[in-house]
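There are 2 protein chains.
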Amino acid sequence: MSEMRQDPTTKEWVIIAAERSRRPDEFRQQSKRERKSYSVTCPFCLGNEHFTPLETFAIRDSGSPNTPGWRIRVVPNKFAALSPQVIPRRSDDGLLFRGMEGFGYHEVIIETPHHDRDLPLMSEDEILNILETYRHRYKLLREDERVKLIVIFRNYGERAGTSLLHPHSQLVAVPVIPFHTRQKYEEATRHYDDTGRCLYCDLRNAEREYGKRVVLETGHWLVFHPFASQAPFETWIVPKRHASCFASMTNAELPELASVLRRILHGLHTLLNDPDFNMIIHTAPVEDENTPYFVWHIEIYPRLTTPAGFELGSGIFINVAAPEETAHLLREIVAAS
Amino acid sequence: MSEMRQDPTTKEWVIIAAERSRRPDEFRQQSKRERKSYSVTCPFCLGNEHFTPLETFAIRDSGSPNTPGWRIRVVPNKFAALSPQVIPRRSDDGLLFRGMEGFGYHEVIIETPHHDRDLPLMSEDEILNILETYRHRYKLLREDERVKLIVIFRNYGERAGTSLLHPHSQLVAVPVIPFHTRQKYEEATRHYDDTGRCLYCDLRNAEREYGKRVVLETGHWLVFHPFASQAPFETWIVPKRHASCFASMTNAELPELASVLRRILHGLHTLLNDPDFNMIIHTAPVEDENTPYFVWHIEIYPRLTTPAGFELGSGIFINVAAPEETAHLLREIVAAS
Numbered sequence: 001m002s003e004m005r006q007d008p009t010t011k012e013w014v015i016i017a018a019e020r021s022r023r024p025d026e027f028r029q030q031s032k033r034e035r036k037s038y039s040v041t042c043p044f045c046l047g048n049e050h051f052t053p054l055e056t057f058a059i060r061d062s063g064s065p066n067t068p069g070w071r072i073r074v075v076p077n078k079f080a081a082l083s084p085q086v087i088p089r090r091s092d093d094g095l096l097f098r099g100m101e102g103f104g105y106h107e108v109i110i111e112t113p114h115h116d117r118d119l120p121l122m123s124e125d126e127i128l129n130i131l132e133t134y135r136h137r138y139k140l141l142r143e144d145e146r147v148k149l150i151v152i153f154r155n156y157g158e159r160a161g162t163s164l165l166h167p168h169s170q171l172v173a174v175p176v177i178p179f180h181t182r183q184k185y186e187e188a189t190r191h192y193d194d195t196g197r198c199l200y201c202d203l204r205n206a207e208r209e210y211g212k213r214v215v216l217e218t219g220h221w222l223v224f225h226p227f228a229s230q231a232p233f234e235t236w237i238v239p240k241r242h243a244s245c246f247a248s249m250t251n252a253e254l255p256e257l258a259s260v261l262r263r264i265l266h267g268l269h270t271l272l273n274d275p276d277f278n279m280i281i282h283t284a285p286v287e288d289e290n291t292p293y294f295v296w297h298i299e300i301y302p303r304l305t306t307p308a309g310f311e312l313g314s315g316i317f318i319n320v321a322a323p324e325e326t327a328h329l330l331r332e333i334v335a336a337s
Numbered sequence: 001m002s003e004m005r006q007d008p009t010t011k012e013w014v015i016i017a018a019e020r021s022r023r024p025d026e027f028r029q030q031s032k033r034e035r036k037s038y039s040v041t042c043p044f045c046l047g048n049e050h051f052t053p054l055e056t057f058a059i060r061d062s063g064s065p066n067t068p069g070w071r072i073r074v075v076p077n078k079f080a081a082l083s084p085q086v087i088p089r090r091s092d093d094g095l096l097f098r099g100m101e102g103f104g105y106h107e108v109i110i111e112t113p114h115h116d117r118d119l120p121l122m123s124e125d126e127i128l129n130i131l132e133t134y135r136h137r138y139k140l141l142r143e144d145e146r147v148k149l150i151v152i153f154r155n156y157g158e159r160a161g162t163s164l165l166h167p168h169s170q171l172v173a174v175p176v177i178p179f180h181t182r183q184k185y186e187e188a189t190r191h192y193d194d195t196g197r198c199l200y201c202d203l204r205n206a207e208r209e210y211g212k213r214v215v216l217e218t219g220h221w222l223v224f225h226p227f228a229s230q231a232p233f234e235t236w237i238v239p240k241r242h243a244s245c246f247a248s249m250t251n252a253e254l255p256e257l258a259s260v261l262r263r264i265l266h267g268l269h270t271l272l273n274d275p276d277f278n279m280i281i282h283t284a285p286v287e288d289e290n291t292p293y294f295v296w297h298i299e300i301y302p303r304l305t306t307p308a309g310f311e312l313g314s315g316i317f318i319n320v321a322a323p324e325e326t327a328h329l330l331r332e333i334v335a336a337s
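From first to last, the protein sequence lines are chains A and B.
Our numbering numbers the first residue of the first sequence as 1 and each following residue consecutively.
Our numbering numbers the first residue of the second sequence as 1 and each following residue consecutively.
FYI, nobody ran anything at the bench for these hints, they're computed from the structure.
There's no promise every hint is true.
[To be verified] From the structure, some residues in chain A lie toward chain B, with a derived Cβ separation under 8 Å:
#	residue
1	101
2	109
3	155
4	176
5	203
Beta carbons: idealized from backbone N, C-alpha and C, even for Gly.
Generate coordinates for the entire structure from the input sequences, incorporating the hints supplied.
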């Protein structure tokens, strides 16, 4: 029998319809991705630096900006959705049609010079460098007072919204706090007002105590498949210390996160045979970096199913796998690695 | 330059990044769908009635239930996400993990016996029969007092979440009012309290007056690509009369809707070369069928782009086509048809 569950952070319902599910091995991707170490037309490959806008940051062993010698390279997105060159001026017809010029930053973090060295296959050190780059760019861009929220994310594969194979993530800084974020904040604020506690700390502690949805626990981090997962193998990585801002991560926490992230992504890669996925860093709006009612975290969504008309019409997601079962599978793989 | 726009019904922002766009003809689907008029393994084809659960409704020219002779057939979804056989009993651990047994109805409306006669290719009469079937099922299922909201939708193609080609739509009746719906209602209530008017009537009137995003207007219906469209060619069909419940449609309005729907779907089919799409009927919750602040309507989403990490992380959609441009293209095609 299926079950409806309410997400305590959004109040949105999901339907856990695990009997509709394929067996776990049927979630495995069937076709192998074509991989080659270099592509002459890839704008992110070594030697093709002139294909991209000028870099804004790099970690390099040698060379000058925009030439080979880099390990990680950050460039403005050539097809940026937003531009820092404009003022976020609002237009308003008085009632219904509110607009704003498309101010913002849209950057690409090229994670490696190697075309086929994808994140789940990288070493801890390589992942650590990427996380440090995220933190560096975050800290710099939040200084622009027009920026209200910074979203760092990673799309991998066609089903996750990208056809660019070369390992990369993206950063978008927007001049508004989206309703999507506001809504979660309102729920968390109400919980805080009612109980005096942080909803996300309570949730992490409850998942830890329940245990069956926990994938991995280390000194600083808890990884679990949440009670009201929207999709099979939805994975949250949450710090065990209350902290609302991603960039507040300490130099002790960061290397451990690199290790956790490597193990989780490698586990998903092994279990699901290199699935398409999205990874998102959820961090507080810039003006709310020290809030007592939110904990920043990472969410990973393997794209194994497609949200359709029902999800669009109701906001209710049908999840064909129980998070208790997927957590068990991933926990076993991660423990064995 | 891109532009941010706020959806007046949800307060969510979208980014209209039309310069990122492909040219209109690049939205056209490249590969042709394989079509055949009958499939021996298709559970919805004529003569295969025994592959489905027993029908709950049919429009038939001859024959007895669950045998050939039907034109439209309604059956419970064999892989139903929800079941009417259970009581929507709530479980609650006191705070964070709220659940409910998976009560609900999940039906499939098999729109035609012909495997390859898809909705955009049907006659007005065939579409009228489908709309009448929707209305009939809606009216019946809303009598179950456990039902709070009925969502009727249609998925077409892999990118829209289905691999079943045989023309069909679905109905899901849920025992909750989802937050997704509540939130829109709160915005509409605020607008009503502030102005004394219905937000959706104001929006329809404003789109009609502005005109550039209007695709088609008839005596009873207005079709437009909304100001804050989330995706290219997002199309709304809205009644010109205030009515919050889909099933309140009169016998005068219904045939005209069949005509409008045929012209719009045929136009999208021609312009985009048989695109995958979702179609959703947004109607008020059962207990709110006569509300003064909501207008039921149909939304159509051709699935031409894939929401990715940024959308998941921010709720802000990047739309690579301006609704003014797509409305112009569709308007021309529809006018010529």
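Report holds or violated for the interface hint on residue 101(A), using the least CB-CB distance to chain B and a cut-off of 8 Å.
Hint on residue 101(A): holds, closest Cβ of chain B at ~6 Å, below 8 Å.
Given a cut of 8 Å on the nearest C-beta pair, is the interface hint for residue 203(A) held or broken against chain B?
6 Å, holds
Is the shortest C-beta separation between residue 155(A) and chain B less than 8 Å?
4 Å, holds
Does residue 109(A) meet its interface restraint, that is, does its C-beta lie within less than 8 Å of any C-beta in chain B?
12 Å, violated
Hint validation: residue 176(A) versus chain B, beta carbon distance must be below 8 Å. Holds or violated?
Result: holds, 6 Å to nearest chain B Cβ.
Consistency with the previously given hints fails for number 2 only.
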